[in-house]
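Build the complex: two chains, separate frames, hints provided.
Residue strings, one per chain:
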Amino acid sequence: MAEKPHASSHIAALKKSATGIAGFDEITLGGLPQGRPSLVCGFAGCGKTLFAMSFLVNGALQFGEPGVFMSFEERTQDLMENVGSLDYDLQGLVDQKLMVIDHVYVDSSEIEETGEYDLEGLFVRLGYAIDSIGAKRVVLDTIEALFSSFKDTAVLRAELRRLFYWLKERGVTAVVTGERGDGLLTRYGIEEYVSDCVILLDNRVADQITTRRLRVIKYRGSSHGTNEYPFFIDEHGLTVMPITAAGLDHDAPEDIVPTGIEGLNQMLDRGGYYRGSSVLVTGLAGTGKTTFAASFIHASCLRGERCLLFSFEEAESQLLRNLSSVNLQLKSYIDEGLLRVESTRPSLFGLEVHLARMYREIIEFKPQTVVVDPISAFHGPQSEVHATLLRLVDLLKQRNITTVFTSLSDAKTTRAGLDRAISSLMDTWISLSSVEADGEYNRLLYVLKARGMGHSNQVREYHIDHSGIRLVTPYIGPNGVLTGSARLNEEARERRAGELRQRISEQRQRGKQKSRDELERKIAEMRAALEAQEQEDALLDHDEISQLQSDDDSRRQLARARGVLE
Amino acid sequence: MTTTDVHDPDTHTVSGTATTPAIDPSAVGQPGHYALRLYIAGQTPKSVTALRNLQRICEEYLSGVYSIEVIDLRVTPQLAAGDQILALPTLVRHLPTPLVKIIGDLSNTDKVLVGLDIRPEPAN
Numbered sequence: 001m002a003e004k005p006h007a008s009s010h011i012a013a014l015k016k017s018a019t020g021i022a023g024f025d026e027i028t029l030g031g032l033p034q035g036r037p038s039l040v041c042g043f044a045g046c047g048k049t050l051f052a053m054s055f056l057v058n059g060a061l062q063f064g065e066p067g068v069f070m071s072f073e074e075r076t077q078d079l080m081e082n083v084g085s086l087d088y089d090l091q092g093l094v095d096q097k098l099m100v101i102d103h104v105y106v107d108s109s110e111i112e113e114t115g116e117y118d119l120e121g122l123f124v125r126l127g128y129a130i131d132s133i134g135a136k137r138v139v140l141d142t143i144e145a146l147f148s149s150f151k152d153t154a155v156l157r158a159e160l161r162r163l164f165y166w167l168k169e170r171g172v173t174a175v176v177t178g179e180r181g182d183g184l185l186t187r188y189g190i191e192e193y194v195s196d197c198v199i200l201l202d203n204r205v206a207d208q209i210t211t212r213r214l215r216v217i218k219y220r221g222s223s224h225g226t227n228e229y230p231f232f233i234d235e236h237g238l239t240v241m242p243i244t245a246a247g248l249d250h251d252a253p254e255d256i257v258p259t260g261i262e263g264l265n266q267m268l269d270r271g272g273y274y275r276g277s278s279v280l281v282t283g284l285a286g287t288g289k290t291t292f293a294a295s296f297i298h299a300s301c302l303r304g305e306r307c308l309l310f311s312f313e314e315a316e317s318q319l320l321r322n323l324s325s326v327n328l329q330l331k332s333y334i335d336e337g338l339l340r341v342e343s344t345r346p347s348l349f350g351l352e353v354h355l356a357r358m359y360r361e362i363i364e365f366k367p368q369t370v371v372v373d374p375i376s377a378f379h380g381p382q383s384e385v386h387a388t389l390l391r392l393v394d395l396l397k398q399r400n401i402t403t404v405f406t407s408l409s410d411a412k413t414t415r416a417g418l419d420r421a422i423s424s425l426m427d428t429w430i431s432l433s434s435v436e437a438d439g440e441y442n443r444l445l446y447v448l449k450a451r452g453m454g455h456s457n458q459v460r461e462y463h464i465d466h467s468g469i470r471l472v473t474p475y476i477g478p479n480g481v482l483t484g485s486a487r488l489n490e491e492a493r494e495r496r497a498g499e500l501r502q503r504i505s506e507q508r509q510r511g512k513q514k515s516r517d518e519l520e521r522k523i524a525e526m527r528a529a530l531e532a533q534e535q536e537d538a539l540l541d542h543d544e545i546s547q548l549q550s551d552d553d554s555r556r557q558l559a560r561a562r563g564v565l566e
Numbered sequence: 001m002t003t004t005d006v007h008d009p010d011t012h013t014v015s016g017t018a019t020t021p022a023i024d025p026s027a028v029g030q031p032g033h034y035a036l037r038l039y040i041a042g043q044t045p046k047s048v049t050a051l052r053n054l055q056r057i058c059e060e061y062l063s064g065v066y067s068i069e070v071i072d073l074r075v076t077p078q079l080a081a082g083d084q085i086l087a088l089p090t091l092v093r094h095l096p097t098p099l100v101k102i103i104g105d106l107s108n109t110d111k112v113l114v115g116l117d118i119r120p121e122p123a124n
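These protein sequence lines map, in sequence, to chains D and B. Letter by letter, the first sequence follows residues 1 to 566 of the numbering used here. Letter by letter, the second sequence follows residues 1 to 124 of the numbering used here.
It should be emphasised that the hints constitute simulated quantities derived from the structure, not laboratory data. Check the hints yourself; a few may be wrong.
[Unchecked claim] Among the chain D residues that face chain B by a calculated CB cut under 8 Å, a handful are:
#	residue
1	D102
2	Y105
3	E120
4	R125
[Claimed, not checked] A few chain D positions that, by computed beta-carbon distances, are all more than 12 Å from chain B:
#	residue
5	E228
6	A299
7	V459
8	I464
A virtual CB, placed ideally from N, CA and C, is assigned to each residue, including glycine.
Same shape as in the complex, but just chain B (with noise of 0.2 Å):
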């Protein structure tokens, strides 16, 4: 699904946190937790492919030492700004540090990994 961005200013129905785990307030700082952010604008074919790749890699391989928060920038524009997003969807990893992005559909695992930075071991 190739299509270029489906303009449409009136889809503000998605709400990401919807089809997240919750953080976990106890698990954020702790060592080896990973807090991730994907930022997303609507219910683009691009978003939804991100997300639900970004939920099998976690799944896979950072079970239960992870918390994703989804931001939809169509919802609030304003949150753009502080985590330097210009490309969508872009993950963010903002622990452990230092702050990675990974822009894309999240397609490529292989990819994703290494920019996330996680070994594959622990999980397979």
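One chain only, chain D, in its complex shape (with noise of 0.2 Å):
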């Protein structure tokens, strides 16, 4: 009977036992108290025992610490197979002296009671149990059963005293289990005897989803998360998810990464999106918001990083067939381990439960982007819907992480509800619209915000087709903006119109050239005949000067023959 190497160890700092829940542990800044009893509560079928066994689990498998689980509802063939749905090999454990499972039964219709008596033989077996495997943590699950097992209750409570001291005594860290009664936490009242550390878990139906949720009433000598966490239990135990405390103090990149589109690279001033910002895109039925959003993890697997995408709406293989005929081929990078696909239905879970598994993927995986395809599949209250949110992005703007969410508006209140609520969570919001014209619809993008960058203002036109999204060069006319056949129609009406108007000028221009022409000849014309004259002219002067040379030449012969001259 060992007794207390570490009864005095609250003097100091109270020393607590990691319990390995994911997020417990943070919620109580250690886990439970170590060396005391804990009361674990809640109505039936709230994860009690699931509680206890995890932390008996954990404990035995990454602490080294053995553990007792005394069951008094469950046969431990039962306890086996019922937690065998998680990754527990129960079995395992028992035959590694990890653990000791002791099914305490009792019925109440085979026995009498005679005279005093007391409860000796359940320490008897308790310490038995402890001493057999050295245990450092003990589960009592659930104890209260004993109370409809004898009838002198007041024996009964004195003796549970007596037990949770000579637990205290012992040393090990106890777990117990108790069902929740009328206004009390326990049906008979057990937690005035374990009151150290009491823990409530609780399990309730909205619209017909059911939500875990996990609080500490009391934690003493020790400040511990006073909110409700939901959590959740899945084959990997139970996750408890603690609500970040809404901080507003991460980092702001200042890089970019680009959309994967090369169009809306260009419509944003910085060609992309800030890392860690994130993205919402709405849009109505069929405007490609998910080839959006998985254009921008093919960007992203190509630069090498990781992806991790959320997919409410479609199964992986399925998801992937339909992007590859966008010719967005991502299996590779399922392959290499750069994606990561998970395919949930919104309806299974309640939207906390939905955050909490979305918390532990992320915090698992470790991506760089991750898409949640789309946020509109939650359905809750507003205000709760809101809060799931803030809390997710949160989270993911902590790590840095690029997220796009996609969202279903519908026709009637697209800007309106949903995404009027979120619109402010999101740094980066490009609206997808189809548009009815001439019996045809088009689909038009526009970035309605892009926190810290400019952006275009221009409502443009998009394709998908097989070689993925393509932006259309945006006709822009004295009509406005023009899409699908109205822009091809109003193309080639200007066109013809374009040609018309060549055709008008070139006429007017042959007509032109036609009268200069004819200036030109008449200038010649005139010129020649300028010309002509001048020549006449001057062959009428050169007459008259031979003629006056002649006269003179004549009129000096004449002197020279009548001998005048010299």
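Right, dumping it as structure tokens:
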């Protein structure tokens, strides 16, 4: 009977025993109080037994602390089968002497009480089990079952009080589970005896969806998170979702991650989204929200970054098939381990559980890019949806994870409802729409906002075809922006008009040329006439001069002949 | 004597069988035979009272057709699980079937007789 090596430990700081339950140790700043009993209570089916079992299994596997599971309700075999849904190999732990499972079964119908008794037998059994493997952890599940077995509750209460005291003396960390009673934490009020740490588990149904919640009601000698924390149970055991204190203290990285769509990059002044920002892609059904998100994933994977895609609408294989039709081949990235797709139906869990699961995946996979497709799949009270998203966004921003959320908007309530509620959480908002004109629908894109960078104010048409998403050069004409056939029509009309104008101008040109030619011809003629005139004039002049000369000559000859001269 | 348990781990000196009649192997399994087992933990006032009461009742009503095995869980704690012992002292009637448990110091003889399903006629 080893005693009190740990007993005086609480004089300094309270020592804690880590439970290994994801999230719970954070809330309680280290786990359950070491060497003391803690009470875990809640209604039937809220996960008390699993909580207790996780505490033991994790203790044995992760912290080298063997444990005793004393079950007052389930048989050992049933218990092993029941937790078989988790990855817990209880038989293996028992074989390795890391765990003892003792089923305490008392059938009140075969018991007659005559005279005084105590529960020393329970102490002996527990003591023996503890000693046989050197247990540091003990679970009593659910000890209140004893109240239906023994008539003398006064004795029972005294013995329980003694039991918890005894457990403390032994220095084992104990978890005592208790079924919740009316107005009390436990049906028989054993919280009176186990008062160092009380944890309340709860299982609430809202809109046919169950959400499990955990709350630390009391923790003597230690501070702890006081909120209700959602938790869930799956094959990895229990996961508690610690609500981040909505901190707005994350870094704001400067670098840019391209969107994966050439045209969209150009619409954003910096050529992409900021790393760690949250991007919202909203649109009607069939506007290609998923394709937009997947294009971003594709681009991220090309850069060698890890991506996590939460799909709430399509199964992984369907998603991959559909995306390969638009030239987004993501299969190889999954094989390389760069991309992970988590497909779940949104109605499978409550919001909180979704959040918790996503949280766990994010912690585990450490992605640089996350896509949630779509957030409109989350049903629930508006405020709750908002709170959930807020926490998710905070979580992602703290880790500098760039996230693309898609959201299905409905034709009538576009930019209302959910969109408006979450708009404040989003850094970049790309709105996709589909416009009916001339018997066809055309897809349009608009960057509604992009915090921290300039962006195009244009509504752009885009096509989704076998090569992916392609933004069409915008047609901006006198009649506004046109799309689809109207755009083609208008372009054709414009072309025709252009041709006509050209013809007319050519004609006019030709006319001008003609009249100029005529003028020039006239000018030439006149010039020729002038030349002829000038020639004539010159000839006349010449004749005249020669006449004068010859007159002169003849006069001189005459004179010479008369001998007047010399 | 209602002192709640004297918690003394070092009194392993008790051996119940020394003070009880040995089980007669030939008698076990015979019709009408009572195979009884009394679980105690050390020589507490309650265990002593229980054993004394049991012996008295058996001699009175079951003379010759009973065997008592006293198991001290201080000595052999591993035996507690077998008969699902929680309360001490516990008297277990293995035979005749069905299994019956009587807890307490057996001070109420009538209840013990009812519990063990013994008709008072044979001896009285």
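Once the shortest beta carbon distance from D/Y105 to chain B is found, is it less than 8 Å? Since chain B brings a Cβ to about 5 Å from D/Y105, closer than 8 Å, the hint holds.
Under 8 Å is the threshold here; is the Cβ of D/R125 close enough to any Cβ of chain B for the hint to stand? holds, 4 Å
Verify this label for me: D/I464 is non-interface relative to chain B, using a Cβ-Cβ cutoff of 12 Å. Holds, since 69 Å exceeds 12 Å.
Are all beta-carbon distances from D/V459 to chain B longer than 12 Å? holds, 77 Å
Using the nearest Cβ pair, does D/E120 come within less than 8 Å of chain B? holds, 4 Å
At a threshold of 8 Å, is the proposed contact between D/D102 and chain B supported by beta-carbon distances? holds, 6 Å
Quick one: work out the minimum CB distance from D/E228 to chain B and report holds if it exceeds 12 Å, violated otherwise. Since the minimum Cβ distance to chain B is about 36 Å, D/E228 lies beyond 12 Å and the statement holds.
According to the definition I'm using, a residue is off the interface if its beta carbon is farther than 12 Å from all beta carbons of the partner; does D/A299 meet that for chain B? Holds: least Cβ distance 63 Å, greater than 12 Å.
The earlier numbered hints are all upheld by this structure, with none contradicted.
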